[in-house]
Amino acid sequence: MNQESWLTAEVPGPKKASLITKPEIADAMIRRASRPVFVVGSIASEIDLEEKKLIDYVIRLARQFQIRVIATGSTNTAFLARDFTPDAVMPAVDAGFRLADPAWQGVDGNGPHDLAIFVGLPYQMGFTILSGLKHFAPSLKTISLDNVYQPNARWSFSNISIKNWIINLEAIIGNKEEE
Amino acid sequence: MGTKEINISIKELETELGQIKDLRMSVGRLAQETWDEPQGPTPFPSLTTLRNWDLTLLNRYRPFYLPLCDLCCLCTYGKCDLTGDRKGACGISMPGQQSRIVLLAACIGAATHMNHAREMVTHLVHTYGDEKKLDPGGLSIKVEAPITRLVCGMKPETLGDLEAVLDYAEQQIGALLACTHTGQEGNPLDLESKVFHTGMIDHLSMEVADIAQVSAYDLPKADPDAPLVEIGYGSIDTTKPVILVIGHNVVPSVGIMDYMQDHDLTGELEVAGICCTGIDMTRYSARAKIVGPISWQIRYIRSGIPDIIVVDEQCIRTDVFDEARVQQIPVIATSEKNCLGLPDRTGDPVDDIIDEFTRGTLEGALILDPEKVGEIAVRTATINAPKKRKKKKAKLTLKEGMEEAKKCTQCRECRRACPNDLHIPDALKLFARGDSAMLAGVYDACVGCIRCEQACSEDIDIHSLITLTAEERLEHESYKLRSGRGAIQDIEIRQVGGPIVLGEIPGIVAFVGCANYPSGGEDLAEMAMEFANRRFIICTSGCAAMTIGMYRDADGKSPYELYPGNFEAGGIVNVGSCVSNSHIAGAAIKIASIFARRNLRGNYEEIADYVHNRVGAVGVAWGAMSQKAAAIAAGFWRLGIPVIVGPHGTKYRRMLLGRADRDEDWYVTDARTNERIYVGPVPEHLFISVETKEEAMVMIAKLSMRPNDTSRGRALKLTHYIDLHRRLLGSMPADIHRFVRMEADIPITMKEDIVAILKEKDWKETVIPDPTLIRKKEVVS
Ligand code: SF4
Ligand code: SF4
Ligand code: SF4
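Heads up: the protein sequence lines correspond to chains A and B, in order.
Counting from 1, position 110 in the first sequence corresponds to residue 110 in our numbering; the numbering is continuous, with no gaps.
Counting from 1, position 571 in the second sequence corresponds to residue 571 in our numbering; the numbering is continuous, with no gaps.
Some hints could be false.
Partial chain A-side listing against chain B, Cβ under 8 angstroms, derived [as the list claims (entries may be wrong)]:
#: 1; residue: 14
#: 2; residue: 42
#: 3; residue: 80
#: 4; residue: 96
DSS-like cross-link-like pairs, simulated, lysine-lysine; straight-line CA separation at most 30 angstroms [said to hold, decoys possible]:
#: 5; chain 1: A; residue 1: 16; chain 2: A; residue 2: 141
#: 6; chain 1: B; residue 1: 557; chain 2: A; residue 2: 163
#: 7; chain 1: B; residue 1: 132; chain 2: B; residue 2: 155
#: 8; chain 1: B; residue 1: 132; chain 2: B; residue 2: 337
#: 9; chain 1: A; residue 1: 52; chain 2: B; residue 2: 132
#: 10; chain 1: B; residue 1: 387; chain 2: B; residue 2: 399
#: 11; chain 1: B; residue 1: 132; chain 2: B; residue 2: 221
#: 12; chain 1: B; residue 1: 79; chain 2: A; residue 2: 16
#: 13; chain 1: B; residue 1: 79; chain 2: A; residue 2: 141
#: 14; chain 1: B; residue 1: 79; chain 2: B; residue 2: 761
#: 15; chain 1: A; residue 1: 141; chain 2: A; residue 2: 15
#: 16; chain 1: B; residue 1: 429; chain 2: A; residue 2: 53
#: 17; chain 1: B; residue 1: 407; chain 2: B; residue 2: 429
#: 18; chain 1: B; residue 1: 395; chain 2: B; residue 2: 429
#: 19; chain 1: B; residue 1: 221; chain 2: B; residue 2: 557
#: 20; chain 1: A; residue 1: 163; chain 2: A; residue 2: 52
#: 21; chain 1: B; residue 1: 133; chain 2: B; residue 2: 155
#: 22; chain 1: B; residue 1: 155; chain 2: B; residue 2: 142
#: 23; chain 1: A; residue 1: 52; chain 2: A; residue 2: 141
#: 24; chain 1: B; residue 1: 87; chain 2: A; residue 2: 16
#: 25; chain 1: B; residue 1: 388; chain 2: B; residue 2: 399
#: 26; chain 1: B; residue 1: 651; chain 2: B; residue 2: 87
#: 27; chain 1: A; residue 1: 53; chain 2: A; residue 2: 141
#: 28; chain 1: A; residue 1: 141; chain 2: B; residue 2: 240
#: 29; chain 1: B; residue 1: 388; chain 2: B; residue 2: 240
#: 30; chain 1: B; residue 1: 407; chain 2: B; residue 2: 395
#: 31; chain 1: B; residue 1: 651; chain 2: A; residue 2: 16
#: 32; chain 1: A; residue 1: 53; chain 2: A; residue 2: 163
#: 33; chain 1: A; residue 1: 15; chain 2: B; residue 2: 87
#: 34; chain 1: A; residue 1: 163; chain 2: B; residue 2: 406
#: 35; chain 1: A; residue 1: 15; chain 2: B; residue 2: 79
#: 36; chain 1: B; residue 1: 651; chain 2: B; residue 2: 337
#: 37; chain 1: A; residue 1: 15; chain 2: B; residue 2: 651
#: 38; chain 1: A; residue 1: 141; chain 2: B; residue 2: 399
#: 39; chain 1: A; residue 1: 53; chain 2: A; residue 2: 16
#: 40; chain 1: A; residue 1: 53; chain 2: B; residue 2: 651
Hints are computed from structural coordinates only; laboratory data are not their basis.
Virtual Cβ for every residue (Gly too), placed ideally from N, Cα, C.
Using the sequences provided together with the hints, build the complete structure.
This is how it looks when you write it as structure tokens:
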């Protein structure tokens, strides 16, 4: 697979995301981060990953890796319905803006986040906000965990099938479990 | 300062256009003879006159840039890679480049309204004379042109006076555009200030265009009971000849309707409009109809229903002629700005053109005379309609559509081209098997761009298949829209001014802008009704106004039948077309002048400061896509009025965001004591894109709070905010403590919960100041 935007007109570059070709890459990045945060968009509760929704994977990841969670759009409702309380509820651009500020002490006030994991935003919104971070938050690492290529993240999956996506997400979660 | 500038502009205009006029004298005469309000500090502001005000706002609402591309390719020094902190060959940085693009977009938008106004005024002066009196609201309106008074410090009385306003606007837009040249302004905040200036000029231009047309064409004059007109694909009587008009400048359509009137043909033909010309036609004659917003162009042309298509300017698909040709529908272009490559037949005899159109030897023509357009359109449609009905191509049947769908290879290129990422391949797969429900569902969220078709290697007419499966619904698209009423009456302002400023009417929400909705238009009607039920004042215009109308409740009533058209709590007020947006800004400005008796004349900063701190107005451009929408938003920003856009809005490339967590950003000066007082993040943002309608509704409620709210008003606004947050986002908001200033602000019904939160957050009581962001000179020094 290659580094082609999911929406074909959103032509990337020259600086574009490296591919997460195997789950170990994402896993290592999350593990190395000391203050990771999830930015979870509204589509996360709509996308079916076989019998589960994307948001269910987000919750498992967040719990296992102790990742802080920002719910954007109306995703908070879907989290609460699953007995999971996000650390913050705010618009995605507000989250992006704060992440671009090195002085921001994070959703919990404990210091700047060093890794932002984006998932479930409308494609172009993810594209533009990650672009803002790519340009204006040089010390923040970003990953997109959607199954589409997000060129403005630091790391992203390629455009992969749902099946492949599930395998990857399970593998990331599994790796952690093995520790 | 302003007077000096208008002199300069006159000299340039004399050489360029050959007009000989001494406008300085004209402006001076007006000012002295008919208006005793003293001139304020900033009449005809230049590019930098209001820079301090802009920087005050920008210091609180900082730009967050969202580059669409890493490169700049504006000049042949480039392309330049501006990634990270790299600079271009000209020295510009990425933030500078992004704000430069924002400025360019705003200039395009403002130039469009300004030139629309210029063409309108020139035509009307030619027809009615420059002494024709302006009359936008009969006896109900004394402040006839609030934006012109505020910005220019002049009180226009005749059509001719509006030309002076446009002279100023043209000079400013020329200068603003010049700022975007390589090696010119590169500081992002200075560029942003110029964006605000552009927005202000845009609002001025819109006001000129609308009060000119309302006055000369006798459109509804600030009339809350403007007629209910018909809107929707199915509302057009296809047994009659149909003239389809697309665009924004109503002049040629007036030519059509006048010709029909003069020849006793009214009612014999259908005149149907798409986009703002549609709205303005119904303001001229309630018998005109509207097909729908901009996104209905392809589906209506492809229906083959129109017997002739007349296009004027703005937001017209540039392939309209190609599409019409396939259906053998003749096209008349009527604007110098949009010639469509057609031969200029303005000077030819009408009979010759009609003859060629009806014989099919002429497919399209540029005709720059609105009266001729009227005659040709009406006569051609009348002759062509029966012939066309006779040889009408049999429509694609569902069965044929399914066969077509079988060609799909499931390559997904259509979906990857679709701006809304719609699940076209899946829907086509089902359709090919005989199940059309999913494809019909795609119709709801489809914005009619046909990017999917452009991408399809199998040449499937995807959009046509979508409309085919939704045909039954299309034919039932027949609703009522309250035609554009124009301005808000002075008396209405007097009645609601107090409750708004004190916060007891929770806010004014303006649903405006284009139809680039993320998931269909029904969201807009739902939002409008939610806030009307909450006793906000709802204003709307243009495509947004149409979309709100294209909704029916269980009893078949549209929002315009369910809610009054008055500028009052619970009203849904359609002001009119895009240029009528000026009346929404005008209403906010009039609250300051009529209700609060602040001087308007050339007094921009004080009035904007008033509006920002006291008038809980919020703009919502849910489907904003055009450069005009960018300019309109910018005009609201300079008045300190926040604007919310839908998810596509991040592609405008920058947001203006407040930081609720930075207490130091939220101080105002108490005008009574000169003390600095923390007022909380109200309003929290100036320009923000949100993801879902639920998030939008919560944001509207939040952004309606102002420092000046009384405790009663704040409690009411908090009730709406908390209630919506709970209902739509599932929890109590985490920032309530920032909006409660004293115990009396706490909504009684939620007291227990909120007091507990305040305790937890270590909340401290503060006072309600007489808020201003303008620091007096002695305070600064
Ligand atoms: S305008 Fe500046 S940044 Fe853009 S291409 Fe030219 S030199 Fe490069
Ligand atoms: S026409 Fe409709 S389905 Fe096709 S790309 Fe545009 S929005 Fe998507
Ligand atoms: S682009 Fe054409 S062939 Fe490919 S999935 Fe879409 S409709 Fe089918």
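Does the structure break any of the earlier hints, and which numbers would those be? 6, 9, 14, 28 and 38
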